[in-house]
Structures are given as C-alpha cells and as structure tokens.
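*Asks:* These are the residues of each chain, in order.
There are 2 protein chains.
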Amino acid sequence: MDEFTVTERTRAKRLFSRARYDRQTVYAILDAGLVCHIGYEIDGQPYVTPTAYWREGDKVYWHGSAASRMLRHQASGAPLCLTVSHLDGFVLARSGFHHSVNYRSVMILGEAKVVEVEADKIERMKVFIDGIFPGRWDELRPITAKEVKATTVLYIDLDEVSAKIRTGMPVDDEEDYQWPCWAGVVPVETRTGEPQPCPRLPAGIDPPAYLDKLRLG
Amino acid sequence: MDEFTVTERTRAKRLFSRARYDRQTVYAILDAGLVCHIGYEIDGQPYVTPTAYWREGDKVYWHGSAASRMLRHQASGAPLCLTVSHLDGFVLARSGFHHSVNYRSVMILGEAKVVEVEADKIERMKVFIDGIFPGRWDELRPITAKEVKATTVLYIDLDEVSAKIRTGMPVDDEEDYQWPCWAGVVPVETRTGEPQPCPRLPAGIDPPAYLDKLRLG
Numbered sequence: 001m002d003e004f005t006v007t008e009r010t011r012a013k014r015l016f017s018r019a020r021y022d023r024q025t026v027y028a029i030l031d032a033g034l035v036c037h038i039g040y041e042i043d044g045q046p047y048v049t050p051t052a053y054w055r056e057g058d059k060v061y062w063h064g065s066a067a068s069r070m071l072r073h074q075a076s077g078a079p080l081c082l083t084v085s086h087l088d089g090f091v092l093a094r095s096g097f098h099h100s101v102n103y104r105s106v107m108i109l110g111e112a113k114v115v116e117v118e119a120d121k122i123e124r125m126k127v128f129i130d131g132i133f134p135g136r137w138d139e140l141r142p143i144t145a146k147e148v149k150a151t152t153v154l155y156i157d158l159d160e161v162s163a164k165i166r167t168g169m170p171v172d173d174e175e176d177y178q179w180p181c182w183a184g185v186v187p188v189e190t191r192t193g194e195p196q197p198c199p200r201l202p203a204g205i206d207p208p209a210y211l212d213k214l215r216l217g
Numbered sequence: 001m002d003e004f005t006v007t008e009r010t011r012a013k014r015l016f017s018r019a020r021y022d023r024q025t026v027y028a029i030l031d032a033g034l035v036c037h038i039g040y041e042i043d044g045q046p047y048v049t050p051t052a053y054w055r056e057g058d059k060v061y062w063h064g065s066a067a068s069r070m071l072r073h074q075a076s077g078a079p080l081c082l083t084v085s086h087l088d089g090f091v092l093a094r095s096g097f098h099h100s101v102n103y104r105s106v107m108i109l110g111e112a113k114v115v116e117v118e119a120d121k122i123e124r125m126k127v128f129i130d131g132i133f134p135g136r137w138d139e140l141r142p143i144t145a146k147e148v149k150a151t152t153v154l155y156i157d158l159d160e161v162s163a164k165i166r167t168g169m170p171v172d173d174e175e176d177y178q179w180p181c182w183a184g185v186v187p188v189e190t191r192t193g194e195p196q197p198c199p200r201l202p203a204g205i206d207p208p209a210y211l212d213k214l215r216l217g
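Those protein sequence lines, which keep their order, are chains A and B.
If you read the first sequence in this note's numbering, its first letter stands for residue 1, the second for the next number, and so on.
If you read the second sequence in this note's numbering, its first letter stands for residue 1, the second for the next number, and so on.
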C-alpha cells in the first residue's frame, strides 16, 4: 500500500491541493525532522509538547523519563496527535491576503503504545542515535539496566496520517500581478553549525565525520 | 509584573532548572518565531496544527480562513494550548542516556478570543506583516472588506504561560567524562536564503531592504 487510507478526520476540508496521503511523502517529511509536537489532553486541557522522535517503518517513536507525567499520560492509551512541520519559506504576495508560508507537515492521529521488552527498548534507542549519528551507539559508554528502566519508549502507528505541503510562488489575484511591490519567496532553511567540543573532552578526540553529514528540515 | 504566575498546570514537574516564568524570556522566545503549534480537541481527538502567529504585548495572535473548521472550533472558546519551540542544538554526551537537545520553548494555556471589529482586524494584520517586513503593509494592494470578512483573527492572553530552556554542554555522569568518544554540542540555526522573485514581477522592482534583516529562531 503506497497510500494511507483517508478518514473523516484526516480528509482535507479546504486547500485540497496541499494534502498528501502517500507513504513516500509522509516518510520524507518525517525523516527530515528531529522534533515533533505531541498534542494530548489532561483534565480537559490540551497540551502540546515538543519532543524528539524517530521513524522505523510505519511506526514513529519517542522517549523520555519514566517519571514524566506527560509520558505516563501518553502511555495510558489516551488519544494523541503527533505533528511534524518544516518551515520552508516566506511567501510574499501583492496583497496581505495572499501572503503565505511554504511548509511541509505531517499529522498522525492515534494512541501511543509502550515498548515493554528491555532488549527492544535498547534496540530502538540504538536506532534513534545511529539514525542521526551513524555508528555512534557503539562508541558510547554502554547503556545500563537502570537507564533502560528509567526510560519510557513509546510509539504510534502510522495509520491515520495526512501530510500537507505548500511550495512555490505567491498566487495573487490576476488583477494584482502588476502591483508595484516586490513579490516572491524568501527560503528558510535549518542548518547545523560548527561542532563545539565539551571543555572536558580528553585531548586528541576529533569531531567524528558523521557530524559533517547532519541534515535537518 | 515581570513574572507570570505559576499555576498547577504550568509548574515544572521535573527538570526545574529549565523552567522560566519571566516575561522577558517568554517574550524573547515568542518574538523569535513565526510558526507555533496549536493543540485543541474535537470529538475527543486532540489535533496539533502548525500556524503562523505574532505577539502584541500580552496577547498572541493568529489568523486564518473564516471557513476553516479548525478556526471555527478554536473561536468557540474551547481550551487550547499554543506552543512555540526553537531547536538550538544537538547535545552529544558520553552515554546515550545523557544525549539531549538545546532548545527554547513557550507553552500558553487558555482560550482563544475573536477580534470582532473590522478596524481592529485590519490593524492586527498590519502589525503582523510589518512585524516581519517593516513598512510592507503600505506597499501592498490595500485589503478589501471582503478579505477582512473572510479572515478570522484570534488571540490568546499571555496569562497561564511557561517557558523552558536548555543551553550548554552535555551533563554526563562524573565517571564518564574520560570515556573516549567525542562529546559536545552541534548548534542548529534557522536561516533565510536569497530572495527568489516571482517570475511575474514587473521589471525594475528590487528586493526590499527588509528582506536582508529577517531573523528567525
């Protein structure tokens, strides 16, 4: 199946041309990011928490402290929304009304499930670290049983999913194209900078090559 | 008042040292961003929608199509959460457990209110556009009554608010500092690129100077 099934909740209600439901698009948007925003409700109040995530196949994982109220709530099976968005540009039109932004986003609806088995939890964290910094997991001081226990690893199935994308130039009213103000796109990108070594790093340890290849957004 | 009142819902439950409640910090984090993530619930399902926002004093505004189901729901006075986050860096520790990210975030709880008066709506949109592109509003084809009517402008009061910040180097277990792997921070920044003019731009219109001064994140 190359397309996610559209449900009443994921069906675009407006701006249909921006909606995407194919796996390739959803995967690409998810894989370009590091931090998602998870929405959940406690006692009638919605909360939105920025959280690092990673994807494996049709599952999106996140993790945190087993002591976290947020994670305990999420782990209870309450309905969630996990949203990933990338801002790609300012879109400057001839009218305020047609100003916009270029972006890519994915919204996932569902419930969190808990990774219970210790070996699975460790493997998931290895995939997370190595997915960003290939080979780093085996360079690290090995994880301890206590650390595994203190960490909750959750996932949501990619099942009820939609993506939205806006690209390209402003779309103005036909009669406005000659209006004498600048119009176009100012691209926005996320970049990584020069690695800053920890002051307590022992002498002779150079930044690993994988830091040059970090890509985000 | 330079501090927001801490409530049971905004009080940090863990990682107390990362929590901030002072206006200066909250304002700075909000003013550095363009897109927030708004959480709300419809029929028992949380949704998180990326949305452009702007701040004026102790109000945070956003807007959208009056035809949007999301905005109509938000305008109904249902509880919301509006979160802004900036990713500032990867934090690479000697153990997987102490890996982290540097970030700044703000979470606002409350209900949306609607800007009802036409002149107010127009002024708010002018502030929004000019806040990003100083002077642009007066360069644009003037907004029409129909466009104002088709736009819903909402705001939330900065009242129940918290910020969280992580900065600086990894914090490892004392016995791990000599572990022979690279540790430190890889900074992450958001940058704007070279303006791309609309292909239908009349000849002789150069990119305005305010495009050189765009700052995000």
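Rather than coming from a laboratory, the hints here were simulated on the basis of the structure.
Among the clues, some could well be false.
No distinction is drawn between identical chains; accordingly, a pair holds when it is met within one copy or between any pair of copies.
Said to hold, decoys possible - Below, simulated DSBU-like cross-link-like pairs (lysine-lysine); rule was C-alpha separation at most 30 Å, straight line:
{"hint": "1", "residue 1": "Lys213", "residue 2": "Lys146"}
{"hint": "2", "residue 1": "Lys213", "residue 2": "Lys13"}
{"hint": "3", "residue 1": "Lys146", "residue 2": "Lys164"}
{"hint": "4", "residue 1": "Lys164", "residue 2": "Lys149"}
{"hint": "5", "residue 1": "Lys13", "residue 2": "Lys146"}
{"hint": "6", "residue 1": "Lys164", "residue 2": "Lys59"}
{"hint": "7", "residue 1": "Lys121", "residue 2": "Lys13"}
{"hint": "8", "residue 1": "Lys149", "residue 2": "Lys13"}
{"hint": "9", "residue 1": "Lys113", "residue 2": "Lys13"}
{"hint": "10", "residue 1": "Lys164", "residue 2": "Lys113"}
{"hint": "11", "residue 1": "Lys13", "residue 2": "Lys126"}
{"hint": "12", "residue 1": "Lys59", "residue 2": "Lys13"}
{"hint": "13", "residue 1": "Lys113", "residue 2": "Lys126"}
*Asks:* Work down the list of hints and note, for each, if the structure agrees.
*Replies:* Here's how the hints hold up against the structure:
1. Lys213 <-> Lys146: Neither: 32 Å inside a chain and 49 Å across chains, both beyond 30 Å.
2. Lys213 <-> Lys13: For Lys213 and Lys13, the Cα distance exceeds 30 Å both inside one copy (39 Å) and across copies (36 Å).
3. Lys146 <-> Lys164: So Lys146 and Lys164 pass the 30 Å test across copies only (27 Å; inside, 41 Å).
4. Lys164 <-> Lys149: between (37 Å within a copy, 25 Å between copies)
5. Lys13 <-> Lys146: between (47 Å within a copy, 21 Å between copies)
6. Lys164 <-> Lys59: both (19 Å within a copy, 28 Å between copies)
7. Lys121 <-> Lys13: between (38 Å within a copy, 25 Å between copies)
8. Lys149 <-> Lys13: Answer is between; shortest inter-copy Cα gap is 20 Å, intra-copy 43 Å.
9. Lys113 <-> Lys13: both (29 Å within a copy, 23 Å between copies)
10. Lys164 <-> Lys113: both (25 Å within a copy, 27 Å between copies)
11. Lys13 <-> Lys126: Intra 39 Å, inter 28 Å, cutoff 30 Å: inter-copy only.
12. Lys59 <-> Lys13: both (26 Å within a copy, 28 Å between copies)
13. Lys113 <-> Lys126: within (19 Å within a copy, 45 Å between copies)
The structure shown violates the earlier hints numbered 1 and 2.
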